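Q: Protein chains in written order, with the numbering used here: chain A, 54 to 366; chain B, 54 to 366.
By construction, these hints were calculated from the structure, which means they are not laboratory data.
There may be inaccurate statements among the hints.
[Unchecked claim] To give a feel for the contact side, a few chain B residues facing chain A, derived at Cβ under 8 Å:
# : residue
1 : Ala167
2 : Ala285
3 : Ala288
[As the list claims (entries may be wrong)] With a Cα cut of at most 27 Å, we get these calculated DSSO-like pairs of lysine-lysine:
# : chain 1 : residue 1 : chain 2 : residue 2
4 : A       : Lys93     : B       : Lys79
5 : A       : Lys93     : A       : Lys79
6 : B       : Lys79     : B       : Lys93
7 : A       : Lys79     : B       : Lys93
8 : A       : Lys79     : B       : Lys79
[Said to hold, decoys possible] From the derived model, a few chain B residues whose C-beta atoms are all more than 10 Å from chain A:
#  : residue
9  : Val178
10 : Leu273
11 : Ile282
12 : Ala354
Being a predicted model, the structure only gives us computed values, none of them experimental.
Note that beta-carbon positions come from the ideal geometry of N, C-alpha and C, so glycine has one too.
Each chain, written out:
There are 2 protein chains.
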Amino acid sequence: MTNIDAPDSSRLMSIAAVERDCGLPKDTLRVWERRYGFPKPLRDHNDERLYPADQVATLRLLRRLVAAGHRPGRVVGRPDEDLFALLRQIDSQAPRSVGGEGQQVLKLLEAYDAAGLREVLNAMVMRAGLGAFAAEIGPGLAEAVGVAWSRGELEIHQEHLFTEQFTTVLRSAINAAQGAGVPRRRPRVLFSTFPQEPHALGLLMAEAMFTLEGCLGISLGVQTPIPEIAAAARAHEVDILALSFSSMIPVTQAVAGLSELRALVPSTVEIWAGGACAGLRPKPGVRVLRALAAIGPAVTAWRACEDGRIAQV
Amino acid sequence: MTNIDAPDSSRLMSIAAVERDCGLPKDTLRVWERRYGFPKPLRDHNDERLYPADQVATLRLLRRLVAAGHRPGRVVGRPDEDLFALLRQIDSQAPRSVGGEGQQVLKLLEAYDAAGLREVLNAMVMRAGLGAFAAEIGPGLAEAVGVAWSRGELEIHQEHLFTEQFTTVLRSAINAAQGAGVPRRRPRVLFSTFPQEPHALGLLMAEAMFTLEGCLGISLGVQTPIPEIAAAARAHEVDILALSFSSMIPVTQAVAGLSELRALVPSTVEIWAGGACAGLRPKPGVRVLRALAAIGPAVTAWRACEDGRIAQV
DNA sequence: TCCGCGTGTTTGTCCTGGACAAATACGCCT
DNA sequence: AGGCGTATTTGTCCAGGACAAACACGCGGA
Numbered sequence: 054m055t056n057i058d059a060p061d062s063s064r065l066m067s068i069a070a071v072e073r074d075c076g077l078p079k080d081t082l083r084v085w086e087r088r089y090g091f092p093k094p095l096r097d098h099n100d101e102r103l104y105p106a107d108q109v110a111t112l113r114l115l116r117r118l119v120a121a122g123h124r125p126g127r128v129v130g131r132p133d134e135d136l137f138a139l140l141r142q143i144d145s146q147a148p149r150s151v152g153g154e155g156q157q158v159l160k161l162l163e164a165y166d167a168a169g170l171r172e173v174l175n176a177m178v179m180r181a182g183l184g185a186f187a188a189e190i191g192p193g194l195a196e197a198v199g200v201a202w203s204r205g206e207l208e209i210h211q212e213h214l215f216t217e218q219f220t221t222v223l224r225s226a227i228n229a230a231q232g233a234g235v236p237r238r239r240p241r242v243l244f245s246t247f248p249q250e251p252h253a254l255g256l257l258m259a260e261a262m263f264t265l266e267g268c269l270g271i272s273l274g275v276q277t278p279i280p281e282i283a284a285a286a287r288a289h290e291v292d293i294l295a296l297s298f299s300s301m302i303p304v305t306q307a308v309a310g311l312s313e314l315r316a317l318v319p320s321t322v323e324i325w326a327g328g329a330c331a332g333l334r335p336k337p338g339v340r341v342l343r344a345l346a347a348i349g350p351a352v353t354a355w356r357a358c359e360d361g362r363i364a365q366v
Numbered sequence: 054m055t056n057i058d059a060p061d062s063s064r065l066m067s068i069a070a071v072e073r074d075c076g077l078p079k080d081t082l083r084v085w086e087r088r089y090g091f092p093k094p095l096r097d098h099n100d101e102r103l104y105p106a107d108q109v110a111t112l113r114l115l116r117r118l119v120a121a122g123h124r125p126g127r128v129v130g131r132p133d134e135d136l137f138a139l140l141r142q143i144d145s146q147a148p149r150s151v152g153g154e155g156q157q158v159l160k161l162l163e164a165y166d167a168a169g170l171r172e173v174l175n176a177m178v179m180r181a182g183l184g185a186f187a188a189e190i191g192p193g194l195a196e197a198v199g200v201a202w203s204r205g206e207l208e209i210h211q212e213h214l215f216t217e218q219f220t221t222v223l224r225s226a227i228n229a230a231q232g233a234g235v236p237r238r239r240p241r242v243l244f245s246t247f248p249q250e251p252h253a254l255g256l257l258m259a260e261a262m263f264t265l266e267g268c269l270g271i272s273l274g275v276q277t278p279i280p281e282i283a284a285a286a287r288a289h290e291v292d293i294l295a296l297s298f299s300s301m302i303p304v305t306q307a308v309a310g311l312s313e314l315r316a317l318v319p320s321t322v323e324i325w326a327g328g329a330c331a332g333l334r335p336k337p338g339v340r341v342l343r344a345l346a347a348i349g350p351a352v353t354a355w356r357a358c359e360d361g362r363i364a365q366v
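Based on the provided sequences and hints, a complete structural model is requested.
A: The following block contains the structure:
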């Protein structure tokens, strides 16, 4: 039966805990160990793997490198220095803009200043406006925090703190925008994420963008089973299903889930996918929006198309 | 490499797709097949399992029955009629008299009326006040929805919808209360849940109660690793750790986690636990609050005690 | 009658080592 | 340089065995 599985108890983690923490399936962890000699976990009295914290940290680096295109055979098992060097290489050629806002937020997080963080985020929304905040500043902040965390510069609880404050600020801004005079009209949009995707930030930013366009939005929150997303789409008679994918979710699961979902909802319902997940590719019946800023024009286009369809009839 | 995994193409699903949709791990699916002879999937040319849609539907029934307390050995493999009969039996013996508010909310959920639901919840807060809403009405609503779901009267996505609207309304009420004139002062309280506990509603209602008492609240959101909760408690120099436990979390894990946490934080930090989890018992250094209404008096008592300690010095 | 406790059964998760197809890299020919 | 067939890499699946935690059951004492 399941062990207590404290995901960090005494700095040793079970294979299930590592799977959750790093997003690498159990099978993959075992086959890497067999083929490349890494990771090399300790064993408990029953011969079950116990991963030390440092190996888990290295696994997180590896996950980022593989997601960035490196092949496991070339990087798994190499010393941490090499991995850091490769990561720096990627980071440097990445667009790279942890702007001043990012620095400011990281400083507040390091000082554990929750109230100050919230004030600063609120000020950013006020100054830049909800659209610019959700489309540009927000993703930048989220990435800066994610990078700092994967580098070990931030504790998990600091990341939680950021998420919580960010959510609060953005949600209240969305509420304010909904209350404002703009009349709500179609498309009707349903927001959610797949069961393996617990990150709500991307979804919330998307919701902000759709709200600014005057769409009718309904959110199911995160981690809805795929058949349930389909059922909700039918029940609410939505025009668009908006799904968010972070870089943590395995690409294979994302595309498999999208196929499944596509088969379950009528073709009149569009599926729009977005988020930091790298390998996301457009497929028949699934639209991929690379950036949040693309949502506005896409909604405009949808409305034009819809008007055309009505005129035809 | 992974198959395309079209999990519904021609109504046959791979084992990975079934894991996603039913929430039953691959290992469990295989061991049920080995031990009980069900499910009995077809095989593809490479001997991999292909589950027909009807078996997947039965697996969903089984999951509900097992969650309701039936043991797999007694139900897996029995014909669908029996399973339906058992489900009806569970439903009928469920307690349940739901208040007028619960009825209203359930009706709105059945009508998929998200906007109406939000309005009604908002009206409840206004009429009853935040304290009565969080301490009495909220828990009643949450239970009514939970019961309706376990009876199969509500889909998962309807429960998600409720959670989302409830969260939005309560959070904005908390924000308003924080903004209001009451000066914030100690105790400083940190909110979170254990890693196995994804339910945020109880935590949010507790946050509302503490906020009304004028406490300094910091939330980490749900599912924080236990060592991280301890680290955050030290970093933020909190006086009280407030933890929420739903009835879904195994009691053994809850008490084990509380012991672990108690050992990790200084004894000057109090740990207060609450929620619907039945077996929660007070232990040395851990206080159990049975109802949300108990928070107010408890905070008053804490302050009195604290004043005494200061006076002594 | 009810509760606490030791014993036996059930159950989920982990293990090893092998297999294979999809994805990717490589070498060859035009 | 660019298209194409072959070789390597890689993730996921399989079988069948093992074990500890969770659970049910029966016994003896209050």
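Q: Taking only the CA atoms, is the gap from lysine 93/A to lysine 79/B under or equal to 27 Å?
A: Measuring from Cα to Cα gives roughly 24 Å; hence the hint holds.
Q: Beyond 10 Å from every Cβ of chain A: is that where the Cβ of isoleucine 282/B lies?
A: Given that some Cβ of chain A is not farther than 10 Å from that of isoleucine 282/B, nearest at about 7 Å, it is violated.
Q: Holds or violated: is the Cβ of alanine 288/B closer than 8 Å to a Cβ in chain A?
A: holds (5 Å)
Q: For the pair we were handed, lysine 79/A and lysine 79/B, check the Cα-Cα distance against 27 Å.
A: Roughly 11 Å between the alpha carbons, so the hint for lysine 79/A and lysine 79/B holds.
Q: Return the status of the interface hint for alanine 167/B: holds when the least beta-carbon distance to chain A is below 8 Å, violated otherwise.
A: holds (5 Å)
Q: Has the given pair, lysine 93/A with lysine 79/A, been kept, meaning a C-alpha gap of at most 27 Å?
A: The hint holds at about 14 Å.
Q: Does the alpha-carbon distance linking lysine 79/A and lysine 93/B stay inside the 27 Å limit?
A: This hinted pair holds, its Cα atoms lying about 24 Å apart.
Q: Against chain A, does valine 178/B keep a CB gap of more than 10 Å to every residue?
A: Non-interface label on valine 178/B holds, nearest chain A Cβ at 14 Å vs cutoff 10 Å.
Q: Does alanine 285/B pass the interface hint, meaning its C-beta sits closer than 8 Å to a C-beta of chain A?
A: holds (4 Å)
Q: Non-interface claim for leucine 273/B: all C-beta distances to chain A beyond 10 Å?
A: violated (4 Å)
Q: Could you grab the alpha-carbon distance between lysine 79/B and lysine 93/B and see if it respects the 27 Å cut-off?
A: holds (14 Å)
Q: In terms of Cβ atoms, is chain A entirely out of 10 Å range of alanine 354/B?
A: holds (26 Å)
In the structure shown, a violation is registered for the earlier hints numbered 10 and 11, in ascending order.
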